[in-house]
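**Q** Mapping of the sequence shown onto my numbering: residues 1 to 114, in sequence order.
Among the hints, a few may not be true.
Stated by the list, open to error - So the derived label-pair ranges between C-beta atoms look like this:
no. : residue 1 : residue 2 : range
1   : Leu40     : Val101    : 30 to 38 Å
2   : Gly53     : Gly2      : 17 to 25 Å
3   : Glu99     : Gly38     : 25 to 33 Å
Calculated directly from the structure, the hints in this document are not laboratory data.
We treat Cβ as the ideally placed atom computed from N, Cα and C, and that holds for glycine.
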Amino acid sequence: PGTVAHQLNSPSAVLITADASVIVCDTNNSRVVVWASGQLEGRVIVNPSGASGTATTALNHPMDLAAFSDYSFAVADTGNNRIVSWRFSGPTWEVLDHEVVAGSAAGEAGTGLA
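Model the full assembly from the supplied sequences, consistent with the hints where possible.
**A** See below:
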């Protein structure tokens, strides 16, 4: 296990996009990493610091991913008792927006899916 871009620590879920990018839920690093097709090193696209936290941009031991489309997915942010949806610009993986759709770190309700 490790924390640099080509290493994972307890990966728990994987999505494959139409362009063959591999998205990994890196549980013990509290982040989501994408490998573009043919790349040897990943890029952290959710929670780049890797520090667990309760901010909506942070994760705390995420456990699963569910795809809405190739560049939009939900993360089961297990340590924060919530589901967060993320939408990206496409193959550049720039964050367009994100929102808590169910639960919260404070035990409040999410916004639901639009």
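**Q** Any of the earlier hints contradicted here, and which numbers?
**A** none
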